[in-house]
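Use these hints to put chain B with the ligands onto chain A, whose structure you have.
Protein chains: 2
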Amino acid sequence: MSKEDVGITVSKNEDFSEWYTQVVLKAKLADYAPVKGLIVLRPDGYSIWESLRSTFDKKFAKNGIRNGFLPILIPESLLGKEQKHFAGFNPEVFWVTHSGTNVIGDKLALRPTSETLAYTMYSKWIQSWRDLPLKINFWNTALRAEIKATKPFLRTSEFLWQEGHTVHTTQEEAEKEVMKILEIYKNTVEEELAIPVTIGKKSEKEKFVGAVYTTTMESIMPDGKALQMGTSHFLGQNFSKPFEVKFADKDNVEHFAWQTSWGVSWRLIGAMIMTHGDDKGLVLPPNVAPTQVVIVPIYKNDEGKEKVLFKVDEIKNNLESKGIRVYVDDRSELSPGYKFNDWELKGVPLRIEIGPKDIEKQSMVVAKRYNREKAALSCNEVEKISTILDEIQKEMLKNAKEQARKNTTDISEYIEFKSKIEDGGFLNAPWCGKLECEEKIKEETGADIRVIPFGSENSNLKCVYCQEQSVSIPIFARGY
Amino acid sequence: MSKEDVGITVSKNEDFSEWYTQVVLKAKLADYAPVKGLIVLRPDGYSIWESLRSTFDKKFAKNGIRNGFLPILIPESLLGKEQKHFAGFNPEVFWVTHSGTNVIGDKLALRPTSETLAYTMYSKWIQSWRDLPLKINFWNTALRAEIKATKPFLRTSEFLWQEGHTVHTTQEEAEKEVMKILEIYKNTVEEELAIPVTIGKKSEKEKFVGAVYTTTMESIMPDGKALQMGTSHFLGQNFSKPFEVKFADKDNVEHFAWQTSWGVSWRLIGAMIMTHGDDKGLVLPPNVAPTQVVIVPIYKNDEGKEKVLFKVDEIKNNLESKGIRVYVDDRSELSPGYKFNDWELKGVPLRIEIGPKDIEKQSMVVAKRYNREKAALSCNEVEKISTILDEIQKEMLKNAKEQARKNTTDISEYIEFKSKIEDGGFLNAPWCGKLECEEKIKEETGADIRVIPFGSENSNLKCVYCQEQSVSIPIFARGY
Ligand SMILES: [Zn+2]
Ligand SMILES: [Zn+2]
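Here the protein sequences come in this chain order: A and B. Residues in the first sequence are numbered from 25 upward in steps of one, following my numbering. Residues in the second sequence are numbered from 25 upward in steps of one, following my numbering.
Okay, the calculated beta carbon distance ranges per label pair: (1) A:Arg396 with B:Lys425: 58 to 64 Å; (2) B:Thr121 with A:Thr432: 45 to 51 Å; (3) B:Glu268 with A:Tyr504: 31 to 37 Å.
Just so you know, the hints here were simulated from the structure itself, not pulled from any lab data. The beta-carbon is built from N, C-alpha and C at its ideal position, and this holds for glycine as well.
The following block holds chain A by itself, in its conformation from the complex (with noise of 0.2 Å):
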């Protein structure tokens, strides 16, 4: 195989979606399995899932929370108990209809969501106020059939997610909730994915089906397109009602709860691998890498072999009792230059090279991938490395919000709207509030309402389409 066909054949700007194509295929993330929309996770991919999902647990446990296992077949009959909720997931969704040879009566969903059969459980589960709140996390897939074309982690019919379901006494604890979760999400995709968030609410127009309010999490990616991250819904008692989750208080009487529901998905492995990517391939933040420290020794005979390998041994055991991950590179017949293309394809964050000649001078090179800078690091400053990793998670941070703020814009004039979405962008611009202005910006310019940010409540401007009072100042964009 030629070293282009090996490497990524195009540059991120010139053809973003065939670029990302490429890093997923080629960096062995995933793959197309034989069913149109669906994709496959292989090690390095999935890997990054399970470091996400670790770290969420570990959030949701200090917040009470636990996790329950739900089964995947939903009868229709109770899929469509909310009428609103069920219309807004009625076309894509996939029917099972034989069991065998066996027709099913009523027949069933896969799930594109877990609501209706959730809160079914805790009408049963849930008597007195003793029972609340009940705080249960399903890590499983939702499944809604996509007919564009297949985008690996951000538009597949199946897709892993994590879907929360809390039950409370009163609104106001059920409201403190969506914003608790809104938060974990926020600062463990900051701090993991090294991707900045801009969180607030959803439009009603583009609230979830069912939710009094959605409130949201969303980033501007390297291409101009906005990608919802993760959003977190206030129920109010609007499923509490027809599915009958009730408790006696205190006092006896009989109440509705107060309930929310809230998820993220793999979109946010899409998402860090368009914000930090690259033309050499997948950067990865030190964080998640499955591999965080790459070491490609370098020798020419076997002497030289015998003495660089017994250095390498010493570092990885270093590196390892340090709890960092790391792989030794010592595949024979592959020339060094093949390995550093290799292992920058791949992401991993930091390189580690030795030869004969750092042996003798006591150090080694270490190169980063993110920058692709390279430094000596003497043998005894080993345990920089952790240091070092640290550092460039915080830069990757750093240069994702640099990123994101040239991709952000003012706007005041409905012209000058029109003109810059064309170049993609969060586009910040004051709104009435009414869903018509709303409807027309989308039909003419393509760009919905994303998020308006909290605390962006504003009466002092005009709307950008009808230049009547503002009401806040969303950001608009077009999206994934």
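Structure of chain B with the ligands alone, referenced to chain A:
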């Protein structure tokens, strides 16, 4: 709710099946979903699965196995590619025929197992010997329509499991992997769940459809029925040929690869419930218990309460600092007696009771769940709790071994076989190796060959059925 409604109302000996169901539901491990055959796991049930997953993951990783993700939908054409394999699963397959209102052309199966999908991918990923061994495990669910009565963890149409799929350059390496996995299964089940297992091979009749041979671990349950606890299959080249899983060796000649597949499911949780539970409810081995120690503070007035809770907090912090999972039951308005019953029902391995008199004596009462023994422990000896939990874990395995031994009989005469099988249990009986005898025994007694234990080859005896020369001494039993 009266005490009778809360606790288990039947005896394990008198009505094992009803006892089992009550334990699962009342200990809040699982509940029935709205669709027949499906169950939901509540946090205390799912947590046991998470604990097993975490143990297996560590052992898999040490053995070079990493996790991946496969979608749940497999096209009919692909599932049918290995004919014998397909014929084995076909009657139980759930079929997706529609997405929204659109008919799907090549109808889609919900995975009954993923060999066909995994190997389609592997065939793309493997080109050379450098790509091998390829060892990937998948934590997911499998679906097989179950027409008999639902039994949580034991008989459900969707079940949590892991399926591992490995590919090797040589037969020898693949066969070693089969055994390595079986050993991991055995030591995990014995060390974590305190259930003894017997390992060996399945007969030709009972092997996995598509395998060259199947190795298995089997346990005998207290009701005398055998339970298959996990299987590890040597697939030979049975799948690599139809799926073209090929590699170019060092000499550049192409070969079909050698493969294995293996899995354990949440049946293990069912086995744990049956093996250890008693008339008071669930009994959890400490290693997998979501809560290992529950502390019940006892007091009569506010002054006493303050003193007791102060001490309780100290003990709790001390235990938590040692990594022990502790819960303090300070629910007001509930009597200590009610709480004792509640935590016994839930199977928490160790209960600590502390009241004002204990505090005066600088001591506490420690009650073991598995044998219901109580003892006083000085407050200075809190660090002994770790050791006590370890002892409980070991004692539970020892007791389970003794229970299994009592349920095992050596048989040489068929008349004795037919009489003994009515009491249940493992019957060690010599066999000539012929399918005909195996089938006749099954037909006449309902007993299968559960496992031909390693080392049970024996040509000095006579087949329990036909009196011809024996080849081995399999374990016969009626099974779940
Ligand atoms: Zn307007
Ligand atoms: Zn015979």
